[in-house]
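Asker: Go ahead and model the full structure; you've got the sequences and the hints to work with.
4 protein chains.
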Amino acid sequence: MIKGLTRAGIGNVGSIEAFVKAAAAHGFGAVSAGGQELEEWIASQGASAVRAFLQEHGVQIATIGLSAQWRTTEEEFVSGLGRLIQDAEAAAAAGCTVCSTYVLPSTDHDAATFTVQATRRLRTCAQLLAPYGIRLAIEFVGPHHLRTRWKHPFIWGLQETVDWIDAIGERNVGLLFDSYHWYTNELGVEDIVRLDASQIVLAHINDAPDLPIAEVLDNDRLFPGEGVIDLAGFLRGLKQIGYSGVVAQEILTPKPLEQSSEQLLQRSREAFRKVYTAAGLQ
Amino acid sequence: MIKGLTRAGIGNVGSIEAFVKAAAAHGFGAVSAGGQELEEWIASQGASAVRAFLQEHGVQIATIGLSAQWRTTEEEFVSGLGRLIQDAEAAAAAGCTVCSTYVLPSTDHDAATFTVQATRRLRTCAQLLAPYGIRLAIEFVGPHHLRTRWKHPFIWGLQETVDWIDAIGERNVGLLFDSYHWYTNELGVEDIVRLDASQIVLAHINDAPDLPIAEVLDNDRLFPGEGVIDLAGFLRGLKQIGYSGVVAQEILTPKPLEQSSEQLLQRSREAFRKVYTAAGLQ
Amino acid sequence: MIKGLTRAGIGNVGSIEAFVKAAAAHGFGAVSAGGQELEEWIASQGASAVRAFLQEHGVQIATIGLSAQWRTTEEEFVSGLGRLIQDAEAAAAAGCTVCSTYVLPSTDHDAATFTVQATRRLRTCAQLLAPYGIRLAIEFVGPHHLRTRWKHPFIWGLQETVDWIDAIGERNVGLLFDSYHWYTNELGVEDIVRLDASQIVLAHINDAPDLPIAEVLDNDRLFPGEGVIDLAGFLRGLKQIGYSGVVAQEILTPKPLEQSSEQLLQRSREAFRKVYTAAGLQ
Amino acid sequence: MIKGLTRAGIGNVGSIEAFVKAAAAHGFGAVSAGGQELEEWIASQGASAVRAFLQEHGVQIATIGLSAQWRTTEEEFVSGLGRLIQDAEAAAAAGCTVCSTYVLPSTDHDAATFTVQATRRLRTCAQLLAPYGIRLAIEFVGPHHLRTRWKHPFIWGLQETVDWIDAIGERNVGLLFDSYHWYTNELGVEDIVRLDASQIVLAHINDAPDLPIAEVLDNDRLFPGEGVIDLAGFLRGLKQIGYSGVVAQEILTPKPLEQSSEQLLQRSREAFRKVYTAAGLQ
Chain P
394 MIKGLTRAGI
404 GNVGSIEAFV
414 KAAAAHGFGA
424 VSAGGQELEE
434 WIASQGASAV
444 RAFLQEHGVQ
454 IATIGLSAQW
464 RTTEEEFVSG
474 LGRLIQDAEA
484 AAAAGCTVCS
494 TYVLPSTDHD
504 AATFTVQATR
514 RLRTCAQLLA
524 PYGIRLAIEF
534 VGPHHLRTRW
544 KHPFIWGLQE
554 TVDWIDAIGE
564 RNVGLLFDSY
574 HWYTNELGVE
584 DIVRLDASQI
594 VLAHINDAPD
604 LPIAEVLDND
614 RLFPGEGVID
624 LAGFLRGLKQ
634 IGYSGVVAQE
644 ILTPKPLEQS
654 SEQLLQRSRE
664 AFRKVYTAAG
674 LQ
Chain V
394 MIKGLTRAGI
404 GNVGSIEAFV
414 KAAAAHGFGA
424 VSAGGQELEE
434 WIASQGASAV
444 RAFLQEHGVQ
454 IATIGLSAQW
464 RTTEEEFVSG
474 LGRLIQDAEA
484 AAAAGCTVCS
494 TYVLPSTDHD
504 AATFTVQATR
514 RLRTCAQLLA
524 PYGIRLAIEF
534 VGPHHLRTRW
544 KHPFIWGLQE
554 TVDWIDAIGE
564 RNVGLLFDSY
574 HWYTNELGVE
584 DIVRLDASQI
594 VLAHINDAPD
604 LPIAEVLDND
614 RLFPGEGVID
624 LAGFLRGLKQ
634 IGYSGVVAQE
644 ILTPKPLEQS
654 SEQLLQRSRE
664 AFRKVYTAAG
674 LQ
Chain F
394 MIKGLTRAGI
404 GNVGSIEAFV
414 KAAAAHGFGA
424 VSAGGQELEE
434 WIASQGASAV
444 RAFLQEHGVQ
454 IATIGLSAQW
464 RTTEEEFVSG
474 LGRLIQDAEA
484 AAAAGCTVCS
494 TYVLPSTDHD
504 AATFTVQATR
514 RLRTCAQLLA
524 PYGIRLAIEF
534 VGPHHLRTRW
544 KHPFIWGLQE
554 TVDWIDAIGE
564 RNVGLLFDSY
574 HWYTNELGVE
584 DIVRLDASQI
594 VLAHINDAPD
604 LPIAEVLDND
614 RLFPGEGVID
624 LAGFLRGLKQ
634 IGYSGVVAQE
644 ILTPKPLEQS
654 SEQLLQRSRE
664 AFRKVYTAAG
674 LQ
Chain Y
394 MIKGLTRAGI
404 GNVGSIEAFV
414 KAAAAHGFGA
424 VSAGGQELEE
434 WIASQGASAV
444 RAFLQEHGVQ
454 IATIGLSAQW
464 RTTEEEFVSG
474 LGRLIQDAEA
484 AAAAGCTVCS
494 TYVLPSTDHD
504 AATFTVQATR
514 RLRTCAQLLA
524 PYGIRLAIEF
534 VGPHHLRTRW
544 KHPFIWGLQE
554 TVDWIDAIGE
564 RNVGLLFDSY
574 HWYTNELGVE
584 DIVRLDASQI
594 VLAHINDAPD
604 LPIAEVLDND
614 RLFPGEGVID
624 LAGFLRGLKQ
634 IGYSGVVAQE
644 ILTPKPLEQS
654 SEQLLQRSRE
664 AFRKVYTAAG
674 LQ
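Chains as they are written, first to last, in the numbering used here: chain P, 394 to 675; chain V, 394 to 675; chain F, 394 to 675; chain Y, 394 to 675.
Misleading hints may appear alongside valid ones.
[Unchecked claim] Restricting the straight-line Cα-Cα distance to at most 20 Å, the calculated cross-link-like pairs of lysine to any residue (SDA-like) are: (1) Y:K544 to F:T506; (2) F:K544 to Y:R540; (3) P:K414 to P:R629; (4) Y:K632 to P:Q633; (5) P:K632 to Y:L588; (6) P:K632 to Y:I634; (7) V:K544 to P:S653; (8) F:K632 to V:L588; (9) Y:K544 to F:K632; (10) V:K667 to V:Q633; (11) Y:K544 to F:A417; (12) P:K544 to P:T465; (13) F:K544 to Y:T500; (14) F:K632 to V:G635; (15) V:K667 to V:L588; (16) F:K632 to F:R660; (17) V:K632 to F:A590; (18) V:K632 to F:S637; (19) Y:K544 to F:P546; (20) Y:K632 to P:R629; (21) F:K544 to Y:F507; (22) F:K544 to Y:H502; (23) V:K544 to P:P546; (24) F:K414 to F:Q656; (25) V:K414 to V:L588; (26) Y:K632 to Y:G618; (27) Y:K544 to F:T541; (28) Y:K544 to F:D501; (29) F:K648 to F:K632; (30) V:K414 to V:H450.
In short, the hints are calculated from the structure, not lab data.
Answerer: This is how it looks when you write it as C-alpha cells:
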C-alpha cells in the first residue's frame with residue numbers, strides 16, 4: 394500500500410512540483426492534485442516531462458477531485474462537464490487513474506429526489522471518466538454532527554454506499570475508504586475483510602481525538618497514530634483483502650496548523666511509520 | 394387509443410376468459426391480468442388457443458402486475474424473481490408487452506437508502522423483462538393523504554418519476570400515467586404535451602369527486618366523466634403527443650360497488666363513450 | 394414531419410446563417426450543422442441571439458455530425474471526446490437535440506473486434522451526449538458496392554442496426570433512417586410500420602436512379618421524386634407510426650451539381666412538394 | 394488460490410456428493426457443478442444440509458455452467474432464461490458465486506451480427522445472475538484449429554475478451570482464464586501481471602503436449618506439470634496480482650482416460666502438488 398499525501402495537514406507546500414518533491418523527500422509515493430492544476434502543469438512542461446518528473450521522484454498522482462458540481466442544479470452540473478473532460482484528459486496524461494468525491498450525510502433537498510439526481514449525475518461522471526481509464530471514488534462521511542447538519546438524512550454508511558455504487562451501476566465506481574468515517578460509523582476490521590479489494594479505489598487514513606464517537610467532528614482530525622482509531626487494524630484489514638493502492642492522510646483541522654510545512658511533513662512521515670509498523674507493514 | 398378495463402370497478406366477472414368476453418361485449422379492446430393467471434390459462438389451453446381467443450374477441454392483455462416485491466427486504470425481492478420470469482414468459486406467450494407497478498408516495502424506510510434499493514431493484518426487474526419484449530410501467534401516485542401516510546416522503550410527481558426512470562436507466566421503462574394522479578398533482582394539459590409518447594407505457598383514466606384536491610382519497614374514485622377531472626383535456630393531450638396505447642379505468646372504491654357486473658360494465662362503456670366524445674375521439 | 398436540408402445537394406450557400414436564411418426562404422424548417430460551426434456562431438453572436446435568429450426564421454438545427462472518430466484507434470477516439478463535449482454544449486445552446494453518424498457496411502478490421510470496439514465507443518458517445526438532452530442517430534448504409542469495398546462485412550441492415558442499438562444499450566440512441574438505404578436494402582413500407590416512432594431519431598429522403606439495386610451507388614443520388622424509390626410509401630410509413638421529426642435530403646453526387654444554389658434550392662423545394670403531396674401530407 | 398476440479402479428467406466419480414467427497418479426499422477445495430444438478434441436490438436434501446455438507450468437506454462449488462444457449466436463435470436463448478434463474482437460485486443456495494461459459498473462436502454466423510447478439514445476450518445473462526450475487530466468467534479459447542473450424546473468425550485473445558467484457562458493460566462479468574488458452578495465444582507472465590485480480594473470476598490450469606503451438610488441439614490436454622506450459626509462471630502471475638479464487642483443472646481428451654477415477658484423482662493431486670510447488674505456493 395502506497396503512502397500518500399493530500400494538501401490537508403502539511404501547510405502550504407507551494408506548486409504541484411514542489412508538493413511532489415516534498416512528498417518524495419519524506420517517503421511518500423503519492424499525492425492528490427487538482428485537475429486544472431495538472432492541466433496547467435502539462436500545458437507548461439509537456440506531458441512527457443510531467444510523467445518523467447513524477448517517475449524520477451517515485452511519486453504518482455493518486456487522485457484528482459471531482460470538479461463537476463453534482464449536488465445542486467442540473468444547469469450547474471451540466472455546465473461543469475466540459476471542465477470534467479479537461480480534468481480527465483490531464484489526469485490521464487499524468488498517469489492518474491482516480492477521481493474522487495465525498496458525500497455529505499445530510500441534505501436540504503428532498504432525500505428521494507436528491508438520491509435520484511445524484512445517482513444519475515454520478516453515473517454520468519463515471520461514464521465520462523471511463524474512456525480515460527479513470528475510476529470514480531466515492532467517500533462516505535461518518536461524523537454524527539453532519540448527519541443532522543442539513544434537513545434530511547442522506548447516505549453515510551459503508552453498506553449503504555456499496556449499495557449506492559451498485560445502483561449507480563458503472564464498472565469504474567468504487568469506494569474512497571477513510572479510516573475516520575470507518576471509525577465514526579463504528580465499524581470494525583470484520584467489516585473491511587468482507588469487502589473485495591476491487592471495491593476500494595482509494596483509502597484515507599486519519600486519526601480522531603478521544604471523545605465520545607457522536608462528538609467527533611469532521612474537521613478536527615489528528616495525524617495517524619496520534620489518536621484513538623485502530624489504524625493498525627484498519628491497515629491490516631486492507632492488506633488482508635489484497636488492497637494495494639494509495640493510503641493518504643487528509644488532516645482537516647478547525648484552524649491552520651501552526652508548525653511549518655517541513656515540520657508537518659516530518660510529523661506525517663513519522664505518523665505513517667508508526668501505524669505501518671503497528672500493522673506489520675514494511 | 395385503446396379502451397381498457399382493469400378488474401377494479403366491474404365487480405366479479407369471473408375467469409380471465411370471462412373477463413375478456415365481457416370486455417369485448419362492452420366495447421373494450423384491452424384488459425389487465427395477473428402473470429400467474431395467464432400462466433395457468435396457457436397451461437390449460439395452450440398458447441396458440443389463448444392468442445386465438447384474444448384475437449377473436451379483439452382484446453389484448455394490456456399489462457400484468459409486477460409480482461416481484463421491490464419495497465421490502467432484499468431476500469423477499471430476490472425470492473420473487475423466479476416468479477417474475479414465469480410471468481414474463483406467460484405474458485409474452487399471450488402477446489402482452491407491459492408489466493406495471495405503482496409507487497407509494499411515502500415510506501417508513503429511510504428515503505435515501507430506499508431510493509437506492511428501489512432504483513436497483515426496478516432496474517433488475519426491467520432487465521429481466523427486456524428479453525421477453527416487455528416494458529416496465531411505473532405509476533406515480535398523487536393523492537395527498539398517502540404522502541404523509543408513512544414516515545418519509547418518497548416520489549409522487551410526474552417530473553420526479555421521469556427523472557427516476559432516467560436514473561433507473563433501462564430502455565424499456567416508462568410511465569403508467571393515471572389521470573387521477575395527474576389531477577392530484579395539479580398538473581395540466583401543458584404538462585402532458587411536454588412528454589414524448591414513447592415515455593408513456595400505459596394510461597389509466599379515473600375521475601375524482603368534487604372535493605379540495607388535498608382531500609381526494611386514492612381509493613375513492615369515480616367512473617370517467619362522473620367527476621371533476623378534465624378527462625377530455627387528458628385524452629386530448631395524450632392524443633396530441635401521439636400516444637396510441639391502452640387507456641384503462643381502475644375504479645378503486647372504499648367498499649364494493651353495489652351494482653351488478655353487467656351494470657358496471659355498461660356504466661364503464663358509457664363513461665368511456667362520454668369522455669372520448671368530449672375529447673373529440675372516435 | 395419537418396422538411397429539412399443538409400448541405401449536400403444545394404451548392405455552396407455560405408455561412409450557417411446564410412444556410413438558415415436560404416432554407417427558410419425555400420420552405421424548409423430544419424438544417425444540419427457542424428458542432429464547431431455552431432460553437433463559433435454562438436461565440437460570435439451569443440446563444441440567445443442564435444436561438445432568436447433560428448426562431449425568427451422558423452428553422453431548427455436538425456442535427457450535428459458526430460465528430461468523435463469511433464472507427465480507428467482508441468487513442469484517436471479518446472482524443473476527440475473533448476471536442477464532442479464542446480459540440481454537445483453548442484448544440485444544446487442552439488436547441489439542437491440530435492447528433493448523427495453513419496455506419497460503413499464493411500471494414501478492414503476484424504469484424505468481431507471492430508464490433509466490440511464500435512459498440513463501446515458509440516455507447517460512450519451516447520453517454521456524453523445524454524446530459525445535454527441530445528440523442529445519437531445511427532445511420533445504416535445500404536448500397537451494395539460498399540458492402541465489399543473493405544475486407545469484412547459489417548452492418549448494413551435495418552434489423553441488424555436495431556439489434557446493435559439494443560446492444561449499445563443507452564436510452565438516447567436510435568436510427569437515422571434514410572430512404573436510400575431502405576431502398577438498397579430492398580425493404581418495404583411494412584418494414585417501417587413495424588417500427589415505433591421513438592426508434593427513429595432522424596430521417597433522410599433521397600432518390601435513386603433506375604438501375605438494378607445492386608448497382609446503385611451511394612454517391613449517385615437523385616432529388617426526391619426524380620428517381621424510382623417509393624418515397625410516398627416511405628413518408629406514409631413514417632407518418633403512420635407517428636414520426637414527427639425532421640426529414641432531410643442529402644444529395645450525394647459524384648461531382649458537384651452544375652446548377653446555382655438558388656436553382657438547387659428551388660429544385661429541392663419542388664422535390665419535397667412533389668413527394669409530400671404524393672404521400673398525402675400537407 | 395484454491396485447488397479445484399472439474400469432472401473432465403477424473404473418470405466417472407458419480408453423484409455431486411460423491412464428487413465433493415472425492416475432491417476433499419484428494420486435497421481439493423472446489424468442484425464445478427451443473428445448475429440443475431445443484432437444484433436436484435437441494436430439492437432432495439435441503440439447502441442447509443447441502444451447505445453443511447460442503448462446509449464439512451471443505452469444498453466449495455466453484456462454478457455452474459451457463460445453461461442459456463446464447464450462440465443460436467433468439468427463441469432458443471429466451472426459452473432458456475427460466476432455467477437460468479433456477480440455476481442461479483440453486484447456485485446461490487449452495488454458496489456458489491460463479492457461472493461460466495466459453496467462447497468458440499470462430500462462427501458460421503456473420504461475425505458482426507453475431508457479436509451484436511452475443512453482446513446483448515451475455516449482458517442479459519449477467520443481469521439475471523447479478524441479484525443472486527453471481528458473477529459471469531467468460532473463457533476465451535485459444536487453440537488454432539478452432540479459429541478456422543467455422544466460417545468467420547470470432548474472439549480468441551485475452552485483450553479482445555477484456556474489451557468485449559467492457560462492451561458487455563456489467564459489473565459482474567470477468568474472465569475465466571485457462572492456462573491452455575493463455576499458452577495457445579502465446580502470452581507470457583507479463584500479460585497476466587498487467588491484469589487486475591478483479592478481472593479474473595475463475596482460473597483453469599491444464600497442460601499441453603510438446604507440439605508446435607499451431608498444432609495443439611483443444612481436446613488433447615495433459616495434466617498440470619505433464620506438458621510444456623510454464624504453469625509455475627502462470628500461477629506466480631496470478632498470485633502476484635492477488636488472485637485468490639479457484640484454479641481448476643479440466644482435462645479434455647480425445648477419448649476417455651483408461652485409469653480408474655481413484656488413479657486419476659491421485660494423478661490430479663500430484664499434478665497440482667508439482668506445479669504449486671514449482672510456483673512457490675504451499
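Asker: Taking the hints in turn, state whether each one holds.
Answerer: Right, here's what the structure says about each hint:
Restraint check: the Cα-Cα separation between K544 of chain Y and T506 of chain F comes to about 16 Å, which is no more than 20 Å; the hinted pair holds. Of the pairs offered as hints, the one joining K544 of chain F and R540 of chain Y holds, with about 18 Å between alpha carbons and a cut-off of 20 Å not exceeded. With a C-alpha separation of about 29 Å, the suggested pair K414 of chain P and R629 of chain P falls outside the 20 Å cut-off, and the hint is violated. A C-alpha spacing of about 14 Å is found between K632 of chain Y and Q633 of chain P, which places the hinted pair at or below 20 Å, so the restraint holds.
About 19 Å separates the Cα atoms of K632 of chain P and L588 of chain Y, which keeps this hinted pair within 20 Å; it holds. With a C-alpha separation of about 13 Å, the suggested pair K632 of chain P and I634 of chain Y falls inside the 20 Å cut-off, and the hint holds. Between the alpha carbons of K544 of chain V and S653 of chain P the distance comes to roughly 51 Å, so the proposed pair goes past 20 Å and is violated. As the CA atoms of K632 of chain F and L588 of chain V are separated by approximately 19 Å, the hinted pair is consistent with the 20 Å bound.
For the suggested pair K544 of chain Y and K632 of chain F, the alpha carbons sit about 42 Å apart, so the restraint of at most 20 Å is broken. For the suggested pair K667 of chain V and Q633 of chain V, the alpha carbons sit about 19 Å apart, so the restraint of at most 20 Å is met. With a C-alpha separation of about 53 Å, the suggested pair K544 of chain Y and A417 of chain F falls outside the 20 Å cut-off, and the hint is violated. This hinted pair checks out: K544 of chain P and T465 of chain P have alpha carbons roughly 15 Å apart, not beyond 20 Å.
The suggested pairing of K544 of chain F with T500 of chain Y holds, with an alpha-carbon distance near 17 Å, which does not exceed 20 Å. This hinted pair checks out: K632 of chain F and G635 of chain V have alpha carbons roughly 11 Å apart, not beyond 20 Å. Distance restraint check for K667 of chain V and L588 of chain V: the Cα-Cα separation of roughly 25 Å exceeds the 20 Å cut-off, and the hinted pair is therefore not satisfied. For the hint pairing K632 of chain F with R660 of chain F, the CA-to-CA distance comes to about 24 Å; that exceeds 20 Å, so the pair is violated.
Taken as a hint, the K632 of chain V and A590 of chain F pair is honoured in the structure, with Cα atoms around 14 Å apart against an allowance of 20 Å. Between K632 of chain V and S637 of chain F, the direct Cα distance comes to roughly 13 Å. Compliance with the 20 Å bound is thereby established for this hinted pair. For a cut-off of 20 Å, the pair hint linking K544 of chain Y to P546 of chain F stands: about 13 Å separates their Cα positions. Proximity of K632 of chain Y to R629 of chain P is assessed by CA-CA distance (about 19 Å); at most 20 Å being required, the pair is judged to hold.
Among the hinted pairs, K544 of chain F with F507 of chain Y is consistent with the structure: their alpha-carbon atoms are about 17 Å apart, no more than 20 Å. Between the alpha carbons of K544 of chain F and H502 of chain Y the distance comes to roughly 17 Å, so the proposed pair stays at or under 20 Å and holds. Straight-line distance between C-alpha atoms of K544 of chain V and P546 of chain P comes to about 13 Å, which keeps the hinted pair within the 20 Å bound. Taken as a hint, the K414 of chain F and Q656 of chain F pair is honoured in the structure, with Cα atoms around 15 Å apart against an allowance of 20 Å.
For the suggested pair K414 of chain V and L588 of chain V, the alpha carbons sit about 34 Å apart, so the restraint of at most 20 Å is broken. The hinted pair formed by K632 of chain Y and G618 of chain Y meets the criterion: a straight-line CA distance of about 18 Å does not exceed 20 Å. For the hint linking K544 of chain Y to T541 of chain F, the alpha-carbon distance of about 17 Å falls within 20 Å, and the restraint holds. A distance of roughly 17 Å separates the Cα atoms of K544 of chain Y and D501 of chain F; the hinted pair therefore holds under the 20 Å criterion.
Note on K648 of chain F and K632 of chain F: the hinted pairing is violated, with a Cα-Cα distance of about 33 Å set against a maximum of 20 Å. Note on K414 of chain V and H450 of chain V: the hinted pairing holds, with a Cα-Cα distance of about 7 Å set against a maximum of 20 Å.
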